[in-house]
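Based on the provided sequences and hints, a complete structural model is requested.
Protein chains: 4
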Amino acid sequence: MTSCAFMPPAHPFDDDKLKEECGVYGVLGPKDAANFVALGLHALQHRGQEAGGIVSHDPKQGFNSVRRFGYVRDNFTRASLMETLPGPVAIGHVRYSTAGKKGAAIRDVQPFFGEFSLGGAAIAHNGNITNALELRHDLIERGSIFQSGSDTECIIHLMAKSMAKTIPDRMEDALRRVEGAFSIVAMTRTKLIGVRDPLGVRPLVLGEIGAGEGWALSSETCGLDIIGAKFVREIEPGEMVVISDEGVESRRPFRPRSPKFCIFEHVYFSRPDSILGGRSVYETRRQIGVELAREVPVEADIVCPVPDSGTPAAIGFAHESGIPYGMGIIRNQYMGRTFIEPTEQIRNMGVRLKLNVNRTLIEGKRVVLVDDSVVRGTTSRKIKEMILDAGAKEVHFRIASPPTAWPCFYGVDTPERSKLLAATMNEEEMRTFLGVDSLKFVSLDGLYRAVGEAARNAANPQYCDACFSGEYPVAPSDMIARGFQLKAAE
Amino acid sequence: MTSCAFMPPAHPFDDDKLKEECGVYGVLGPKDAANFVALGLHALQHRGQEAGGIVSHDPKQGFNSVRRFGYVRDNFTRASLMETLPGPVAIGHVRYSTAGKKGAAIRDVQPFFGEFSLGGAAIAHNGNITNALELRHDLIERGSIFQSGSDTECIIHLMAKSMAKTIPDRMEDALRRVEGAFSIVAMTRTKLIGVRDPLGVRPLVLGEIGAGEGWALSSETCGLDIIGAKFVREIEPGEMVVISDEGVESRRPFRPRSPKFCIFEHVYFSRPDSILGGRSVYETRRQIGVELAREVPVEADIVCPVPDSGTPAAIGFAHESGIPYGMGIIRNQYMGRTFIEPTEQIRNMGVRLKLNVNRTLIEGKRVVLVDDSVVRGTTSRKIKEMILDAGAKEVHFRIASPPTAWPCFYGVDTPERSKLLAATMNEEEMRTFLGVDSLKFVSLDGLYRAVGEAARNAANPQYCDACFSGEYPVAPSDMIARGFQLKAAE
Amino acid sequence: MTSCAFMPPAHPFDDDKLKEECGVYGVLGPKDAANFVALGLHALQHRGQEAGGIVSHDPKQGFNSVRRFGYVRDNFTRASLMETLPGPVAIGHVRYSTAGKKGAAIRDVQPFFGEFSLGGAAIAHNGNITNALELRHDLIERGSIFQSGSDTECIIHLMAKSMAKTIPDRMEDALRRVEGAFSIVAMTRTKLIGVRDPLGVRPLVLGEIGAGEGWALSSETCGLDIIGAKFVREIEPGEMVVISDEGVESRRPFRPRSPKFCIFEHVYFSRPDSILGGRSVYETRRQIGVELAREVPVEADIVCPVPDSGTPAAIGFAHESGIPYGMGIIRNQYMGRTFIEPTEQIRNMGVRLKLNVNRTLIEGKRVVLVDDSVVRGTTSRKIKEMILDAGAKEVHFRIASPPTAWPCFYGVDTPERSKLLAATMNEEEMRTFLGVDSLKFVSLDGLYRAVGEAARNAANPQYCDACFSGEYPVAPSDMIARGFQLKAAE
Amino acid sequence: MTSCAFMPPAHPFDDDKLKEECGVYGVLGPKDAANFVALGLHALQHRGQEAGGIVSHDPKQGFNSVRRFGYVRDNFTRASLMETLPGPVAIGHVRYSTAGKKGAAIRDVQPFFGEFSLGGAAIAHNGNITNALELRHDLIERGSIFQSGSDTECIIHLMAKSMAKTIPDRMEDALRRVEGAFSIVAMTRTKLIGVRDPLGVRPLVLGEIGAGEGWALSSETCGLDIIGAKFVREIEPGEMVVISDEGVESRRPFRPRSPKFCIFEHVYFSRPDSILGGRSVYETRRQIGVELAREVPVEADIVCPVPDSGTPAAIGFAHESGIPYGMGIIRNQYMGRTFIEPTEQIRNMGVRLKLNVNRTLIEGKRVVLVDDSVVRGTTSRKIKEMILDAGAKEVHFRIASPPTAWPCFYGVDTPERSKLLAATMNEEEMRTFLGVDSLKFVSLDGLYRAVGEAARNAANPQYCDACFSGEYPVAPSDMIARGFQLKAAE
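Chains as they are written, first to last, in our numbering: chain A, 1 to 490; chain B, 1 to 490; chain C, 1 to 490; chain D, 1 to 490.
Hints were generated in silico from the structure; no laboratory data involved.
All values derive from a computational prediction rather than experimental measurement.
The reader is advised that the hints may include incorrect statements.
Some chain A residues near chain D, calculated using beta-carbon distances under 10 Å [what the hints assert, rightly or not]: (1) Q45; (2) H46; (3) Q49; (4) D58; (5) K60; (6) F69; (7) C222; (8) D225; (9) I275; (10) G277; (11) T311; (12) A318; (13) H319; (14) I330; (15) T360; (16) L361.
Distance ranges between label pairs, derived from CB positions [unchecked claim]: (17) K60(D) <-> K487(C): 53 to 59 Å; (18) F484(C) <-> K230(B): 47 to 53 Å; (19) G391(A) <-> D173(D): 41 to 47 Å.
For lysine-lysine, the following DSS-like pairs were computed, each having C-alpha atoms within a straight-line distance of at most 27 Å [as the list claims (entries may be wrong)]: (20) K161(A) <-> K230(A); (21) K440(C) <-> K384(C); (22) K384(A) <-> K230(D); (23) K382(B) <-> K230(C); (24) K161(A) <-> K161(B); (25) K384(D) <-> K165(C); (26) K440(B) <-> K384(B); (27) K230(A) <-> K382(D); (28) K393(C) <-> K230(B); (29) K230(B) <-> K31(B); (30) K161(B) <-> K165(A); (31) K230(B) <-> K382(B); (32) K440(C) <-> K382(C); (33) K165(D) <-> K161(C); (34) K419(B) <-> K384(B); (35) K161(C) <-> K230(D); (36) K230(D) <-> K382(A); (37) K60(B) <-> K31(B).
Heads up, the beta-carbon is just placed ideally off N, CA and C, and yes, glycines get one too.
Listed below in structure tokens is the structure:
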């Protein structure tokens, strides 16, 4: 989830601007469910690195919760901590966030918990509620007291106010009032619940532990692999599954819509060893490289990935073009992802701290650099300088996604539109800005081909590709209320 | 405040049994109000040592909050922390509590904050709501989500649900539904609010900072002295004051009742340098010692206080009796008050760690020991043994309060009735249990004389003396619902 | 011990100015000796509040050490920590210190440990080595590497360089080269060692645990009382005791000298429940008050102690004079001792935070204030103002020691001479400076009478009273080398 | 450095078994030298991840030191910390270590510091002193007191005991008594010193900051790149450089010997973007892959690296063999290196947590897995299982180094010989143990070819290859004294 970054700081103690992509996970069955959840979250750490939380329920000890800033491996490995989370049902959450008063924002770390008259429930959310501002105002008007700045908290309050007789029913009630993107993992004392919004923007998969010994819900299949769970199927867009000792019940609480899975999950967010929509993420990315080599070829001596996200596409590009593949840029393993660093200044520092050039390989060569995307362009400029300093004769950028020209409002931290390079420059202007010999992006159609479509269906795209196209499948109401300009109808 | 210790653990993450006496403080006027609040809370630390919190509001930076376990002096002295609490209005709270998962209970540390449709408000509470269980059930039924196990949180939710148009009006609405004892300090963006329940069980005083430069509300006058504020008056039972830049507005939201100020504040809770009801606490305690010397005199060689709470009465007893005064028991300054230690075992250890005998002074003497009260009696036994081991010829206990035979439900941590020594033994049985040569308590009438009355008005006592008399001025509804037996009508 | 505050910062990483009075403790016998040491150090906490350490030895686990900033009760109570210090022999140390980079100075926290060719030894030191600078220079010249800025470390290096065949013999070797004041508790794998310098400036007592089950060494007898150990005797000036399973061996390594026990231990340092030289500290202080009432009487309405150190003398003064005793000043229990606060500014703040006046008792009265000593005079001025503000008619200071006019170089933190009020003013000037109606000190002879002498032996004082007289029983060599001016011979 | 893991725990408070490869760094010139050192250490983090330290010297503030457990990026980024390390000369150290009482072992974190009569010096060491046990015993006998369990501390004590007149001269004195492998960076108030042992086992390079504005010493060239320093040259085996404002003085304190640079630095330790002996590490590793493809080819469908250390060799193998290259194993970026995990159990867990298979790529394929080395073999078995579970038809291991059959005593953490797979099994036994279709290692000659030699000089190898050959260029005296069996002469 992302909280409403465009809202006035929702809670007076919270000056965090919450903008994140998240990972969610849940397990029902094994008596130490939280241990499985911790491993699952570790596998999903790439989806959110700032904080993580786990809630579990044990018939004797009731609900327990641990929420912490930092990595899963640091917060949830110690035996003593795991003892605090007993019981056969547990859910967890990892999240991105940006700088700010960390101490003040632990209240924003999920899962959230609510005690209702019919028992407690915990909820973990990946996505973003686009009418959260409106919902929050309405709820406060009706006497709800918010504890966090998170949009997810709206769901808890809507459930508290529902008159329905079971928690899954209350969740249905609540989610029918919610607009936007959400993949949710929730739990009651005895049930594990998974939901995807009608468009299915964010991923969520179901796994089986052992031979029916338990069930797992995970943002990605790599979260099943780590615990040795068997991949069963994806939760479908608009589906709610209610899992208990008696098995998996499937519900359809929403009016059916044409699905719009986030295509950027294929491009960057998901782990290369995950399977999305039946397709290997690694293979898709490799195939984007193949498309690039076909669409925008170039004569060169070596193909180098911008590590690590450009690697599969670079392998594909090298293979298709016949140009040798090499590691021209070496990543310092002791850094995080550039994506999460908040300020322009640190972002610049980050590149210097994070990447080094493999001079011997580059010197005197015509170099193709393959990257997954260009957002602000600042990193790309630094890399280009590094490559030229090392004595490259030519530098050609090949980007494994179309130009990123529009912000995402469905659970991704993107800069405001004016800071997106592709929102203000055309391809040639970008090339000049970056100072490279050539700069080419894969086409939208090429990207659709790589994910297995013949081409993009212009009238009704098969995926959410709003970040490239500006065509938002759900109107971002709160943002529009705050002045965001949609793309003019053409 | 005390949360409802008799409730089922209200919040599933909270296994704290909250039982405390508290201190509240608020300041409006000086631009660094929170600094004044920190000093005030430091002066009130004897009213609650486990945790403390401060909320402030600044026109630019909005509401800020810091809540911590530990002493005020450790949490609120560092410049960096004070920078986080800017602005000209601030309130604070210190509280007792008992053992348990401390990490889980920071949510129970006050002040509490609520964001309403008409702006935010923070509240700090000293006392106990006797119908909190009933209120909480009703509020949850109506969709409120509780974050703590504290009874005080009911007030916030009642305010959130009120339809009144201002925060003071909402607070009136809320408090009219509340039963029990409360002295409250609250704040909005521009106002400082003080309230005492109609019986005025807990203290609350108003002070003036400089010549009209600001106002302070404090549980006791010692909280005004520390910041050099001038004592103006007590907030009256049943009064609400709403303080703003325009001055102090007085309201009377409740039906008038005959006041019942807690007589134990005179006996033990308040600091000896405070003024309660126009009377010096030190002088009252000294006078109880005089009454004791008159009511239950004894031939002896030396009068020793049980430090530190028995000291003023011992001085009074020595003066009235003509027996020399001496420090027969020396307190280790590096401990806290026995009162806060939760388990029997640590209580026993505590005495050994905390007190030592001044052997030379005691040896061969007939010793009068003056203490403020006897609760379980375990400490008194240890002290007696220590005195006899040091070679005293005789040991005579003189207690500066009547036998404590009933629990308090108005904001004081007392053991359940069966653990109160005086609930199960008469005076002679207690003397035998303690193993002393004599044991005598001041009479209820003697205590009333020491606080300036001619005697106790048996039909309608001038104070709340339920812990001695079992006559509860407010029916403890939640407790009765859970099986507590009131004193049989005689 | 105090490290050589007048030395160039001995170790480059250490900018601490170490100036402290310390407490030392040791136990041999019980299988959990460190638990006893922790309790003993807690009882000695008044001798040093900044840091504490314990070393223990267990036949299987060898030597273990824990050294921490903060109170004993906070650092050594948790079971887990005590598990780290197993074994039947242990020593400990508490120390004062002043502000500075605390992180850097853990190296200065005792006990110190050295691994010698004949086994390991740990040492804890109360006092100050007056030729430490010279010793350190010599040792460094000979290849020793110092780890701390502490004078005590010299002893360890002298022992390492000794050719003697046992650790006690090496300690004798080392201490014969050392000048100054020292009470030392040390340990080897199987032995507990206690030493006092030939003058016996600092205290050290021997206790027996159970019926020969173990032995304890403690700076004061209050450290024996807390663990229920029986006081056996004082270690004598110039004596070394070597305690093992076979009992207590007494040695006399030094040339005999006339003892000079620190008279200020009676005045202020020791706890009132300790016994020094066979005399109750409380009783001595009470007797100083009696001497004051005889030497410098005054007509007044009430006698008030400056709490807590002035209390016994005030009781004595009141008793002797017949003027009623009362608590005119109330101390906030949640502060430490004024003595340890480093800067003038915080010292001033300290008074305001720490003491409040009991207005009702003082108003319209002629007040005698009894304090133990006057050092800089700043606190006394604040107290006087507080008393006058409360409406006292007259203020008379009576000081339970002679004017403090000279710094101590034997293990006490004193300001440099120019900052001592009595070094630059006579009594009338001090009275004017303090702004009181009268200011009188007990005479040196009066003080000697209170400790049981007929009078001070002017030619050869029975105690070290250098802080009052300027007559230093051991020449402070390092200080003289750095320009300190001894009192001119008269 | 590694401390003497085979010694009895040298210091009684230290139960760490220190076994590590380290990184060293130093800067002279820029006024904030420590900032440069922190960046340099960050680039060298792969050489030691458990702890790091920096010492700096400033003319006004003297020597300062910060030593911490954890990553450089966490300990040395905050401005406040950097303020504690001012001045134009600084050195630093990162180190590996194993489990144990971390709190107790901060004393083992380098740089070490010693205050000598002619001023202070700090020292950071990469390597291992093979006669440390003997030196330590001798030094203790002569009165030295050791503070750590580290072999490096011997050097400091030898320097303290030297009679030479300058610190560089004392270091020469000390190092002439030392046997083993060492690359040292040291500093005095005004000088930066670099030394390599006569064999030059560990790397050390010199860089220039700006145009003569300063100098840097670094274990690897990647440490120069990160700060933009120009690579000048390697410090030569047996050379000492003394760098001051006046430039770089070169000394030759040792008898010349035939160099034996650690060949495993090429295989695994160094970063692929570093230059060792004029050769790109990446290129050498790629070339080992080429040699492997020539020496032990195999028919297969895909070549996959074991990430990340097998990647360059896999690229070389794929290129030479013409078999497509792909990422069959995906590494979780949020783990460290397998190499550092101490227990068998965690090692097994580590693989599961750390690596996942890219099923789609592997299924039905004949897979070549390229890894840098096999130590215990446990990880390799897990990987093989993972690959077979994913449906691979065949699994062929190709190892980019010869069988590791002997422990290293020159600064590398290796298991004892009996735990090295290749010490107890021949190639076919290993293949069976791992359960793979084929297992082949590059030959020693092949490895020598990859580093640019025609072949290994059997009589006098050009590198230290003891871990493969059992031919130790420096006799490991301490180890032999403790029973280690050298390879029988053939």
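Here is what the structure says about each hint:
no.	hint	in the structure
1	Q45	5 Å, holds
2	H46	7 Å, holds
3	Q49	8 Å, holds
4	D58	25 Å, violated
5	K60	29 Å, violated
6	F69	13 Å, violated
7	C222	6 Å, holds
8	D225	5 Å, holds
9	I275	7 Å, holds
10	G277	13 Å, violated
11	T311	7 Å, holds
12	A318	8 Å, holds
13	H319	6 Å, holds
14	I330	4 Å, holds
15	T360	4 Å, holds
16	L361	6 Å, holds
17	K60(D) <-> K487(C): 53 to 59 Å	36 Å, violated
18	F484(C) <-> K230(B): 47 to 53 Å	49 Å, holds
19	G391(A) <-> D173(D): 41 to 47 Å	45 Å, holds
20	K161(A) <-> K230(A)	38 Å, violated
21	K440(C) <-> K384(C)	14 Å, holds
22	K384(A) <-> K230(D)	19 Å, holds
23	K382(B) <-> K230(C)	19 Å, holds
24	K161(A) <-> K161(B)	12 Å, holds
25	K384(D) <-> K165(C)	61 Å, violated
26	K440(B) <-> K384(B)	14 Å, holds
27	K230(A) <-> K382(D)	19 Å, holds
28	K393(C) <-> K230(B)	21 Å, holds
29	K230(B) <-> K31(B)	18 Å, holds
30	K161(B) <-> K165(A)	23 Å, holds
31	K230(B) <-> K382(B)	43 Å, violated
32	K440(C) <-> K382(C)	18 Å, holds
33	K165(D) <-> K161(C)	22 Å, holds
34	K419(B) <-> K384(B)	20 Å, holds
35	K161(C) <-> K230(D)	48 Å, violated
36	K230(D) <-> K382(A)	19 Å, holds
37	K60(B) <-> K31(B)	12 Å, holds
Hints 4, 5, 6, 10, 17, 20, 25, 31 and 35 from the list above are not met by this structure, while the remaining hints are.
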